[in-house]
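Trainee: Residues per chain are reported as follows:
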Amino acid sequence: MADEIVLLSTWPSMFGMRVGVALAEKGLKYEYREEDLRNKSPLLLNMNPVHKKIPVLIHNGKPISESMIIVEYIDGVWNHKSPLLPTDPYQRAQARFWADYVDKKLYDIGKKIIWSTKEDDHETGKKEFIECLKLLERELGDKPYFGGENFGFVDVSLVTFSCWFHTYESYGNFSIETECPKLIAWAKRCLEKESVSSSLADPHKIHDYAWGVRKRLGIE
Amino acid sequence: MGEEVKLFRTWSSPFALRIVWALKIKGIEYETVFEDLSNKSPLLLQYNPVHKKVPILVHNGRPIAESLVILEYIDETWKQGPLLPKDPYERAMARFWAKFGDDKVLTSIWSVFIKQGKEQEEALVATMENLKFLEEEMKGKKFFGGERIGYVDLALGCLANLISIFEEIVGLKIVDEEKLPLFYSWMQNFAEAPIIRDNWPPRDKMIVKFQALLDAAIASSSSS
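Just so you know, the protein sequences line up as chains A and B, in that order. Going by our numbering, the first residue of the first sequence is number 1, and it counts up by one from there. Going by our numbering, the first residue of the second sequence is number 1, and it counts up by one from there.
Rather than coming from a laboratory, the hints here were simulated on the basis of the structure. Only a predicted model underlies this, so the values are computations on that prediction, with no experimental measurement involved. Note that CB positions come from ideal geometry on N, CA and C, so glycine has one too. Warning: the hint list may mix true and false statements.
As the list claims (entries may be wrong) - Some, not all, of what chain B presents toward chain A, calculated at C-beta under 7 Å:
no.: 1; residue: Thr-77
no.: 2; residue: Lys-99
no.: 3; residue: Phe-133
no.: 4; residue: Glu-136
Let's have the full structure, built from the sequences with the hints guiding it.
Mentor: This is the structure:
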């Protein structure tokens with residue numbers, strides 16, 4: 001019996017893209033459904049009544065929410081190919097720690113750069129964002145991927161932010177490549193993978209999208 | 001084989017309690033290192049340079065931080081008394097509810113405690129909405145883990161103690177037995193379960209501590 005996999009997401013969401021990358025890594029076929037967050041589908045509200053957010057993965061009718069929980073689920077079910085988490089418990093703990101760090105810090109801090117109207121917030125946001133990226137760059141070290149020799153869990157958690165880098169740079173007026181060259185090199189290395197390049201949105205389209213939202217919010 | 005397990009914690013941290021419970025449920029011997037967060041030890045800063053927080057588990061010299069990450073590490077390293085279910089879907093659901101607890105439930109309950117006036121009213125409404133989801137999840141179960149205490153129970157467990165402490169200090173009912181009968185029962189069952197009941201921090205100390213936090217919050221909001 002074939003698995004039925006549906007992904008509810010929005011095209012600019014770096015969280016939704018993580019699930020796309022994981023599904024692609026495992027070579028899985030699925031149906032993608034674009035949600036309009038200003039007009040959420042009954043399916044989305046039914047499948048994620050708690051948060052009413054994307055992404056939601058629906059596997060044989062059963063929903064899973066929260067992007068890294070979905071990624072870990074995919075890794076656990078389809079464990080025959082491209083493991084994203086290592087087998088050693090300590091390495092797994094480190095991977096979960098860093099994915100949690102990306103989740104706790106990068107999105108909320110990054111929001112201040114793109115969406116904040118207060119100059120103070122904007123400046124502290126930019127400073128904190130660069131600090132986070134530098135910390136992540138130090139964690140990467142000389143490894144080709146956060147997962148070591150192979151693309152893994154932490155790589156999935158962070159790489160989808162890379163298509164938003166151009167937007168952060170533009171509104172923050174800074175260059176990530178200048179601040180964190182190794183991280184940019186890592187992102188380019190990841191983009192050489194079909195699973196990543198086919199799942200990430202075009203950075204210019206993301207920028208246009210952000211511009212459109214800012215205009216709608218009256219801050220452009 | 002010599003296993004060296006150390007837990008860096010404070011006497012009151014609800015996140016550290018999760019780890020105390022997990023270690024004791026699994027019968028793992030460990031050493032406690034109490035930290036004073038106003039004067040963090042060099043070891044704490046060395047073991048958790050990123051967040052500089054407790055709890056930190058140090059196993060044979062290797063540190064792990066973030067309480068839910070530590071719980072999973074413990075469960076994967078010591079297989080007796082499993083905390084997470086085996087089935088991948090059930091595991092995903094357990095992780096979901098633990099994250100919901102941290103992101104939404106704890107946050108809204110804290111707001112009920114620390115805020116005043118309209119903000120407190122709004123926090124109470126949010127808390128009720130959040131707890132209703134947990135109430136639903138408890139249907140047909142004694143614990144979130146089923147018959148036995150599991151990962152979600154440990155993740156949410158501090159609420160079984162904190163809620164009554166907050167209710168006492170603030171003089172507000174947060175969990176009404178009539179409106180949330182299953183969640184209310186869970187709070188009683190969990191609080192009185194073996195191991196759990198022996199490891200609550202001293203209630204009188206907790207009341208003093210949280211009263212002081214509330215007094216400070218009120219003072220700073222009225223002076224601004």
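Trainee: Next, verify each hint and record whether it holds.
Mentor: Evaluated hints:
For Thr-77/B, the shortest C-beta to C-beta distance to chain A is roughly 5 Å, which falls under 7 Å, so the interface hint holds. Given hint, Lys-99/B at the interface with chain A, holds; its Cβ is 6 Å from that chain's nearest Cβ, closer than 7 Å. Taken as an interface hint, Phe-133/B checks out: its beta carbon lies about 5 Å from the nearest beta carbon of chain A, inside 7 Å. Taking 7 Å as the C-beta contact cut-off toward chain A, the hint placing Glu-136/B at the interface is violated, the least distance being around 9 Å.
Checked against the numbered hints above, the structure violates only hint 4.
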